[in-house]
Amino acid sequence: AQTVTQSQPEMSVQEAETVTLSCTYDTSENNYYLFWYKQPPSRQMILVIRQEAYKQQNATENRFSVNFQKAAKSFSLKISDSQLGDTAMYFCAFDYGGSQGNLIFGKGTKLSVKP
Amino acid sequence: NAGVTQTPKFQVLKTGQSMTLQCAQDMNHEYMSWYRQDPGMGLRLIHYSVGAGITDQGEVPNGYNVSRSTTEDFPLRLLSAAPSQTSVYFCASSYSPEPYEQYFGPGTRLTVT
Numbered sequence: 001a002q003t004v005t006q007s008q009p010e011m012s013v014q015e016a017e018t019v020t021l022s023c024t025y026d027t028s029e030n031n032y033y034l035f036w037y038k039q040p041p042s043r044q045m046i047l048v049i050r051q052e053a054y055k056q057q058n059a060t061e062n063r064f065s066v067n068f069q070k071a072a073k074s075f076s077l078k079i080s081d082s083q084l085g086d087t088a089m090y091f092c093a094f095d096y097g098g099s100q101g102n103l104i105f106g107k108g109t110k111l112s113v114k115p
Numbered sequence: 001n002a003g004v005t006q007t008p009k010f011q012v013l014k015t016g017q018s019m020t021l022q023c024a025q026d027m028n029h030e031y032m033s034w035y036r037q038d039p040g041m042g043l044r045l046i047h048y049s050v051g052a053g054i055t056d057q058g059e060v061p062n063g064y065n066v067s068r069s070t071t072e073d074f075p076l077r078l079l080s081a082a083p084s085q086t087s088v089y090f091c092a093s094s095y096s097p098e099p100y101e102q103y104f105g106p107g108t109r110l111t112v113t
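From first to last, the protein sequence lines stand for chains A and B. Note that the working numbering gives residue 60 to position 60 of the first sequence, counting from 1, and the numbers run on in steps of one. Note that the working numbering gives residue 4 to position 4 of the second sequence, counting from 1, and the numbers run on in steps of one.
These are calculated hints, taken from the structure and not from any lab test. No experiment lies behind these values; they were computed from the predicted model shown. Backbone N, C-alpha and C fix where the C-beta goes; we use that ideal spot for every residue, glycine too. It is possible that some hints are incorrect.
Unchecked claim - Taking lysine-lysine pairs in the BS3-like style, the calculated list, with each CA pair at most 25 Å apart, reads:
hint, chain 1, residue 1, chain 2, residue 2
1, A, 107, A, 78
2, A, 107, B, 9
3, A, 110, B, 9
4, A, 78, A, 110
5, A, 107, A, 70
6, A, 55, A, 70
Unchecked claim - One side of the interface only, derived from the structure: several residues of chain B facing chain A at Cβ under 8 Å:
hint, residue
7, 40
8, 88
9, 90
With the rest of the complex left out, here is chain B (with noise of 0.2 Å):
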């Protein structure tokens, strides 16, 4: 199993360029999941999927966009890229959205400049 995968692993954006982040997971889990990390802060739930087709907002889901067309895929969409949004990325899965360990990828640093 590879587990989580990610990439790329970093990317330097103008701003208002647009990009995906790209995810897949080889566990067949259900729930999937972007959480963006910033200097001095936790994680924080950008927006998550519970299977396939479905998807809802999580903490910070404003200049994203995702969609689930596969239980192995979950891409993260930067619509039109801000430095605010200069970020580590991780995705993670879980077999479900019960209270379960989260399995994360390794990470995408973005900047944007």
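Next comes chain A alone, as it looks inside the complex (with noise of 0.2 Å):
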């Protein structure tokens, strides 16, 4: 079975400073996929990146990145340049081929950016 886990249940950071949350799973699978879902206080879910197992080059969207380490089973979210706005809930999750579209979730980091 897949699991994702998130062990920071809540974080801080000040504005214009780096986070990093963090992120781990569990799989037997070869072909699979990783997001990061933003969730803010509006409890729309939002998409802030997305990786493929199968490509080593880590993915960036402008501020967020991740450090994608495949042997270790780590999936970890660097928000660089902190903004307000980054304030909310981000989700972890995992999905693979053949998985029917089962995105599996981690419990969630809660990350607050102070002025």
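The task is to assemble the complex, starting from two chains supplied on their own in separate frames and drawing on the hints.
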């Protein structure tokens, strides 16, 4: 069975600083995808970044980047130049070919960006 | 495109009542799913559909029914509401069942008293 673990229930960071959110996963699959979703107070789930396991290069999206360590089954999210609008719950999620699109989510990390 | 829409946004039910949560998408997505989100938990899959007429169970299907008569709509029915079904419900859709970006609706907050 696939599992996703986020070990940091809450984190805080000063505006303009950098923060890293941790995620580890367990799977025996070789072809899979990892995602970070953001859920602001509005409750809307927003895709932040996506990583295909077969790609060695870490994904980046503007201020968001990941550190994907396949052997260690680790997928951390780095937010640079944190902004107040980054305050949200962040969920790490896992999907694999043949899963019928069933995302498996971690329990989330609540990030607060302080002015 | 409206994307994925859900109605209602909020609902309060009494134990034993039934109701249907509506979900619609206008992106011609084949794959649709329902998740529930409880405090301190990530989202958990209730039911999913890979196309009109095809549905299957997810991780937590008990107490819920679904059907998919059209590509656009995927309603979730609570047969006899229980306090344990108090949760936030999200509908999602994507182009295909293969790993791909899923588009989420705004959620329905359901309280069962």
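Each hint, compared with the structure:
1. A/107 x A/78: 18 Å, holds
2. A/107 x B/9: Between residue 107 of chain A and residue 9 of chain B the Cα gap is close to 23 Å, so the pair holds against 25 Å.
3. A/110 x B/9: It holds: about 23 Å lies between the C-alpha atoms, which stays within 25 Å.
4. A/78 x A/110: Satisfied, since the Cα-Cα distance of roughly 14 Å is no more than 25 Å.
5. A/107 x A/70: 21 Å, holds
6. A/55 x A/70: 10 Å, holds
7. 40: This hint holds: residue 40 of chain B lies near chain A, its Cβ roughly 6 Å from the closest one there, short of 8 Å.
8. 88: Check passed: Cβ of residue 88 of chain B comes within 7 Å of chain A, closer than 8 Å.
9. 90: 6 Å, holds
The structure agrees with every numbered hint stated previously.
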